[in-house]
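For the record, the sequence lines run as chains C and Y.
Just so you know, we're using my numbering here: the first sequence kicks off at 1 and counts up by one.
Just so you know, we're using my numbering here: the second sequence kicks off at 1 and counts up by one.
Bear in mind the hints are in silico, worked out from the structure with no lab data behind them.
For each residue, glycine too, the CB sits at the ideal point set by N, CA and C.
It cannot be assumed that every hint is accurate.
Beyond 12 Å from chain C on every Cβ pair, some chain Y residues (computed) [unchecked claim]:
| # | residue |
| --- | --- |
| 1 | 35 |
| 2 | 49 |
| 3 | 69 |
| 4 | 71 |
These stretches of chain C come out as covered by chain Y in the derived footprint (C-beta under 8 Å, 3 or more residues) [as the list claims (entries may be wrong)]:
| # | stretch |
| --- | --- |
| 5 | 87–101 |
| 6 | 116–128 |
| 7 | 205–211 |
| 8 | 234–240 |
Partial list, computed: chain Y residues near chain C (C-beta under 8 Å) [as the list claims (entries may be wrong)]:
| # | residue |
| --- | --- |
| 9 | 53 |
| 10 | 75 |
| 11 | 129 |
| 12 | 131 |
| 13 | 136 |
| 14 | 156 |
| 15 | 160 |
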Amino acid sequence: MKSTRLVSVLAGASFALLVGGCVTVPDMDAGLGAVGKLASQTGLVSSSQVDSFTKVAGATAKTFHDITPEQEYYIGRSVAATVMAKHRPYDKAALNRYVNDVGQNLASHSGRPLTRGGYRFQVLESDQVNAFAAPGGLIMVTRGMLRSTQNEDELAAVLAHEIAHVQNQDGLKAIKTGRLNTALTVLAVEGAKQYGGSQVSELTRAFEDSIKDITTTLMNDGYSRGLEYQADAAAVRTLKATGYNPQALVDSLARMQAVLAQHPGGFSQTHPSPQDRIDQLKPLVSGSTAAAAPAARQRRYAAAMAGVR
Amino acid sequence: MTRHALAALVLLCLAGAALAAPLRVEQKNAQMRGNPSFLSPVVGTLTQGQTVEGLNAQGDWQQVRTPSGTTGWVPRSAVIASAGALKSSSGAKVNTGAQVNTGASASEMALAGKGFGASTEAEFRRANPNLDFAWVDRMERAQVPRSELQRFAQAGGLTPPGGTK
Numbered sequence: 001m002k003s004t005r006l007v008s009v010l011a012g013a014s015f016a017l018l019v020g021g022c023v024t025v026p027d028m029d030a031g032l033g034a035v036g037k038l039a040s041q042t043g044l045v046s047s048s049q050v051d052s053f054t055k056v057a058g059a060t061a062k063t064f065h066d067i068t069p070e071q072e073y074y075i076g077r078s079v080a081a082t083v084m085a086k087h088r089p090y091d092k093a094a095l096n097r098y099v100n101d102v103g104q105n106l107a108s109h110s111g112r113p114l115t116r117g118g119y120r121f122q123v124l125e126s127d128q129v130n131a132f133a134a135p136g137g138l139i140m141v142t143r144g145m146l147r148s149t150q151n152e153d154e155l156a157a158v159l160a161h162e163i164a165h166v167q168n169q170d171g172l173k174a175i176k177t178g179r180l181n182t183a184l185t186v187l188a189v190e191g192a193k194q195y196g197g198s199q200v201s202e203l204t205r206a207f208e209d210s211i212k213d214i215t216t217t218l219m220n221d222g223y224s225r226g227l228e229y230q231a232d233a234a235a236v237r238t239l240k241a242t243g244y245n246p247q248a249l250v251d252s253l254a255r256m257q258a259v260l261a262q263h264p265g266g267f268s269q270t271h272p273s274p275q276d277r278i279d280q281l282k283p284l285v286s287g288s289t290a291a292a293a294p295a296a297r298q299r300r301y302a303a304a305m306a307g308v309r
Numbered sequence: 001m002t003r004h005a006l007a008a009l010v011l012l013c014l015a016g017a018a019l020a021a022p023l024r025v026e027q028k029n030a031q032m033r034g035n036p037s038f039l040s041p042v043v044g045t046l047t048q049g050q051t052v053e054g055l056n057a058q059g060d061w062q063q064v065r066t067p068s069g070t071t072g073w074v075p076r077s078a079v080i081a082s083a084g085a086l087k088s089s090s091g092a093k094v095n096t097g098a099q100v101n102t103g104a105s106a107s108e109m110a111l112a113g114k115g116f117g118a119s120t121e122a123e124f125r126r127a128n129p130n131l132d133f134a135w136v137d138r139m140e141r142a143q144v145p146r147s148e149l150q151r152f153a154q155a156g157g158l159t160p161p162g163g164t165k
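Next comes chain Y alone, as it looks inside the complex (with noise of 0.2 Å):
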């Protein structure tokens, strides 16, 4: 068991070296667009999780490149970069050879991996029986489609300055 845990490890560095500028996607069905505007043509979607190369920053929009090779910008909050590029707090960079330049302490690539998750919640909840989950699963359903929104701000006169953002 150790042994694949180790290799496990060592392919974590590798595949963090591999890439430019690897990001992972931390939302649910990111939209990728044509142009860094929301009102730019939806060009694909990405599935959370995944990984795709960084490219150019605009503002708070970040180009990115799927696997399959499709180009488009996401909202920069929707990535982050991905285990074998996280910087260390420090600045400070493991040089013990090519391959593990990647800049993450064992800590921080750990950290990246597990921590308060689904099953820290599920004992939460245990310990925690009067707080009723349902409703804050019921909250998280309102999501309004972004068509909706741009209905809702026309039909109430809301237009950005200087056009959209």
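If we strip away everything but chain C, and leave its shape as in the complex, we get (with noise of 0.2 Å):
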């Protein structure tokens, strides 16, 4: 059969290409076009048929979009492992089970309700007031961004905020575009083949930078204003879906502004202002009700966080 030979064609001189060793993506374009140009001359395929070939081909600049469930899990994972080296974990069996409770009931609220590996909590050791998403949903609060909630609905709002982040894929936007197209076009090269002592490096040295990028962001530098006021808003949403009252948001924000003024560094260094993140809530969360906090959502939020105190 006609079309099946052609396939054949097309597909072994592709697949030669991707064997040929390390290509550059503009090589690769390249090759795929001169394999459509071969089977033009050999009559096989009309010259338009070539054009579309070789716009597929050149389809490769490559962005978060990219990245699959699977290789955002794996990202992830990398990720908590690099801010838990550094924020040691906080071994409270209790209090980690009830923001698990409260958090991933959020989740399943979320515009994103499912992922690769599911949304999980951890509480970190630190004092300093900070949160971390990494992608995938495994996030990290620590007991000093604990400490400044005082009921449930403000907790909720700091996860409901992070989980925005996982949500928006924001994690996954901090990788280097450029990192991007040279660690997918190891993948193509890699897809077709064993892995080969010099491509697993390359790999290895592209994750390796995508998980920098990613903690660098998390850690150091922070997310765009935009993407911040984003996530803020994500989280007014999924806190209105979930029965808690989003004006928790603006409370905790208000509280955090109180404590970073006497202890800066790690979360003001990262985000905006809490005062202007407040000034961007207040239309989303004004003439918004909801039913006053019954008293044993309170008690069981007080006896989770006598661990933390």
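Two independent chains are provided; combine them into the complex using the hints.
And the structure:
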């Protein structure tokens, strides 16, 4: 059958190109274009088909969209391991369980309820007021941050903001585009053959650099103001959908503002000032009402937080 | 070896074209529900990597049919377009014959199969022995069962506006 033979010819030729060694993106474009030309000269495809083949081959500028959930999961694990190497996990089962109850319930009402490995929460020992969201849903929050909250709704507001970073894939956006091009080109080559020594080291380096891009952003540089405001807006939606009072986000930011004045560094280094965020948030929260939190909610919050103070 | 790899590549193309809208399950044990709501009864469980057929979409939910014929709803984030159905980033399609009209470039198909994975993590761990992945593993095990989350929400008086999602 002619079309099947054509497929074999094209696939074979591009396969040969892929296994030919480490190619850069433009090289690969040129290569696949040449495959099309060859096929055209042999009369197997029309020139318009050559064009479309070349066009597809050219679609190689990689963005975070090209990262699969599987890859996001592995990136997230290494980011979390890096964060926890710097900030020791706080080993209190009951507290971690409570934070997971609040966080996983919120996540199920978020704009992205499921990820490859699921949403998981862990308290860190640090007194710094801070929280970190690794891609894929591994979220870490410091004891200092927990101390700055006064009720479950405010804790939920903090966690909802971190869930929003996972939902919006902000961590993956921190990976430098050039890096991604290199990494994913290596991957394309890798997809077609067994690992060879140089590809493994190139892939490992690309992975390591990507993890560094994300952890530097999480721990030192912070996201852009725009991404932070978007995360706040998504957090308001998640809080409302779960049944919490979205005003709690404004309240927790006001409290953070006060705490940060005494403890610079950490969160204040990586986030816009709480007051700026409150100004952006007010229109989204105004007019929203929620039933007063029942005593049981405050009791369980107080019981869990006894281990933090 | 080349011939086998080639055959596999061609098979991949054909498999992609065989189903109307093949989706790959990206979630460990994704629960399939009778209706697009977390409160709807579970009608089946999908395993990660499994291919299912995409039917209708509603909000954040996707209706799917398993190879055995069971139909149900899963959160949209639990599935992605399977390798053969990947769209090229430019939207252009390879149109070289009836059977290769999958829209995926060779690099994208290759990408769907491999990437940063367990073996990359293993290399990364070798290069960074100071990192402790035991805590990451421990963190991952902290899944709260759906039934407990429902009890937790109820006990705390958490009722989503307009009923459940």
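Comparing the hints with the structure gives:
| no. | hint | result |
| --- | --- | --- |
| 1 | 35 | 15 Å, holds |
| 2 | 49 | 9 Å, violated |
| 3 | 69 | 24 Å, holds |
| 4 | 71 | 19 Å, holds |
| 5 | 87–101 | holds (count 5) |
| 6 | 116–128 | holds (count 6) |
| 7 | 205–211 | holds (count 4) |
| 8 | 234–240 | violated (count 1) |
| 9 | 53 | 19 Å, violated |
| 10 | 75 | 5 Å, holds |
| 11 | 129 | 11 Å, violated |
| 12 | 131 | 4 Å, holds |
| 13 | 136 | 5 Å, holds |
| 14 | 156 | 4 Å, holds |
| 15 | 160 | 5 Å, holds |
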